[in-house]
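Work out the full structure, taking the sequences as your base and the hints as a guide.
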Amino acid sequence: MDPGFYLQLLLNGIVIGCIYALVAMGLSLIFGVLEIVNFAHGEFYMLGAMLAYFLTMNLRLGYAATVLVVTAIAVCLGYVLYEALLVLVQSGGFERSILLTLGLSMVLQNGAVFLFTTTPRMIQTPRSYTNVTVGDLQVSLMRVLALALAVLAFAALYLILYGTRVGKAMRGVAQSREAALMVGIDPRAVSRLAVAIGIGLSGLAGAALAPVYAVHPLMGASFVFKAFAIIILGGLGNIAGAAVAAVGLGVLESVMGGFLPLVMVDALVFSSMIAMLLVRPQGLFGRGVRV
Amino acid sequence: MRTIRLIVAAATLVALACAGLAQSQEGPILIGASIPLTGGVSTFGQHSRWGAELAVSEANAKGGVLGRKIEVDFQDNRCNPAEAVKSVTQMLAEKKYVAIFDGLCSSAALAIMPLVERAGVPFVVANASATSIAERSGVGGNKWTFKVNPTDLSMLDALVGWLDKEGKAANIAFLGEDTDFGRAGSTGLETALKKRNLKLASVDFFQKGNADFTSVFTKIKAKKPALLALYAVDADFQNAIRQWYGLGGGVPLTGRVLVDQVPKEILDSGFLDGTTSVQPYDPSVDTPGNKTFVEAFRKLHNVPPILVSFESYEAMKVLIDAIRRAGKADPAAIRDALATTKLPSLLGTVIEFDDHNLAHNNAIILTIKGGKVMVLGMSKT
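One line per chain: the protein sequences are X and R, in this order. The first sequence: position 2 = 7 (the numbering used here), numbered continuously. The second sequence: position 19 = 218 (the numbering used here), numbered continuously.
It is worth saying that the hints were derived from the structure and are not from the lab. Since we're looking at a predicted model, the values are computed, not measured. Hints may be right or wrong, so weigh each one.
[Unchecked claim] Just so you have them, the derived chain R footprint on chain X, three or more residues with Cβ under 8 Å: (1) 120 to 131; (2) 181 to 190; (3) 254 to 265; (4) 274 to 282.
Glycine is no exception: its CB is placed at the ideal position from the N, C-alpha and C atoms.
Structure follows, in structure tokens:
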């Protein structure tokens with residue numbers, strides 16, 4: 006095999022890893038602040054992609070504007086989701102939150118099947134079929150764009166968490182709700198904002214990946230399990246850990262896929278995750294440094 | 200007094216039974232169908248339903264069969280064998296269906312086969328393409344299953360024969376979904392190539408719903424095959440074809456490529472020029488019967504038929520013809536009538552079943568040239 010082959014596998018792995026990170030970041034943020042595992046996260050990603058399809062293909066909105074509109078709507082949806090549902094279960098135990106988000110996932114997925122059918126749809130932008138070529142390496146422009154959006158989203162989230170008072174408040178609530186309340190932080194407002202940003206990120210992921218993958222109601226399932234694995238690997242609630250774990254998982258998958266049968270890759274990747282958790286039960290970066 | 204009461208009760212029971220019998224003979228003839236109406240391949244399920252419904256509505260417009268209307272009870276199997284078994288078991292237990300129609304997915308059809316055999320009800324397969332369905336039917340096997348569409352093996356044999364003549368069969372890589380459909384594709388190609396002392400350059404499978412193919416495509420591309428046989432449908436196909444293009448695949452496709460679902464931009468670019476596909480049907484087939492069918496279908500649904508709609512249309516016509524020739528809505532009589540079918544196909548042949556209850560219709564060999572899909576020719580399967 007020539008070096009171009011290995012470089013192409015590495016490039017594919019980095020791109021898919023960043024795509025995983027984009028989907029996993031919101032999930033990690035919500036868990037970090039609320040300690041709720043949002044099983045409906047994949048469905049919000051799917052709704053983001055569906056909305057992006059509707060805006061670009063039906064309303065003929067430009068792609069850049071579509072990404073902004075979808076993200077803004079997803080943020081609003083996050084606010085509503087927190088106030089309408091999550092606030093009710095936050096203090097009611099982990100099991101109730103699992104049931105609620107699983108139920109929500111089924112309602113959203115089957116509702117989308119009922120309304121839009123499972124017919125796959127593809128977003129066509131003027132650049133949908135443009136490829137970027139460097140030597141022997143080749144990658145589609147829309148994947149590069151998704152990678153750039155993932156990096157931007159991570160940088161923005163990192164800045165919010167570590168460079169603003171709101172971020173400090175989120176980290177405070179994540180460490181101890183009671184202590185945060187004692188120093189004048191409103192945990193409810195902070196949690197609401199965390200859910201809004203988390204769902205906003207899943208909407209952004211949907212809009213970013215709609216020109217890359219087929220858009221259909223079942224598309225959330227293909228990434229959400231990987232996203233769960235990533236946030237566990239990175240340390241539950243640890244955003245930076247999730248990003249590193251996502252890129253690592255993407256590269257591992259790609260390299261394995263280059264040599265082994267594709268059907269074995271998922272099994273091997275999840276076996277590696279189990280082995281890693283046996284050695285470091287707290288994840289690669291642990292929970293101590295979460296948001 | 201007691202004797203009189205007994206006679207009255209018996210007479211009442213007989214009268215009720217006769218009324219029930221009369222009602223079942225006067226009501227519609229019921230056919231049960233188990234197809235994916237939801238789930239990942241429900242688009243195909245929808246087209247299968249539309250095709251079958253068109254055949255039924257044409258028959259009913261002519262007064263039905265045996266003086267009765269035909270009704271099809273479509274139940275959802277989500278392309279899942281367990282769901283198919285559940286729905287068909289329930290239908291067979293009700294004993295009011297004269298036949299079971301389709302299953303769409305090969306795994307679902309294979310799961311239905313033992314059920315219809317035990318119940319003694321004919322099963323007409325319209326879309327499922329696994330070769331094992333025919334291998335297990337007819338002589339020495341399941342006498343109640345009839346497969347109207349060609350098997351993967353017979354279609355791929357026709358395709359490989361064509362490719363071999365063109366000198367392109369020597370270096371084919373295979374990528375298919377890890378289902379009976381994909382597995383039958385690789386087995387069919389391997390068997391057809393073996394007959395010509397050739398073999399596949401590489402074989403890979405993916406799980407249905409897999410979104411990213413870049414690593415396996417990089418691996419396949421590095422092996423520099425002459426052709427790539429791609430067995431993927433629905434969203435998997437859309438993802439695969441875009442990613443093959445995004446990686447600059449470099450070689451045309453072959454196998455049962457869904458050429459009618461390739462994005463127009465990729466077709467127009469000429470990237471897939473030289474692609475050769477075998478399908479049981481293409482809407483552009485130039486026969487008078489097909490033109491009428493395409494027009495009627497398009498009028499009803501505003502879209503042209505796809506291979507699944509065609510297969511269900513023809514298979515339902517075969518079943519309706521058998522019920523008519525059986526002379527009664529009795530499953531055993533319908534099975535015997537199916538075995539002696541001789542019905543003209545829209546593809547210009549006559550549908551007849553062989554010893555394995557398999558019909559041998561034409562397969563359509565398609566190619567992409569200058570960004571356009573063309574029918575290269577038809578080949579008997």
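Outcome, coverage hint (the region 120 to 131 of chain X, chain R; C-beta under 8 Å; three residues): holds (count 6)
Within 8 Å of chain R (C-beta), three or more residues of the region 181 to 190 of chain X: violated (count 0)
Outcome, coverage of the region 254 to 265 of chain X by chain R - at least 3 residues whose beta-carbon is closer than 8 Å to one in that chain: holds (count 7)
Chain R covers the region 274 to 282 of chain X, three or more CB atoms within 8 Å, holds or violated: violated (count 0)
In this structure, the hints that do not hold are numbers 2 and 4, in rising order.
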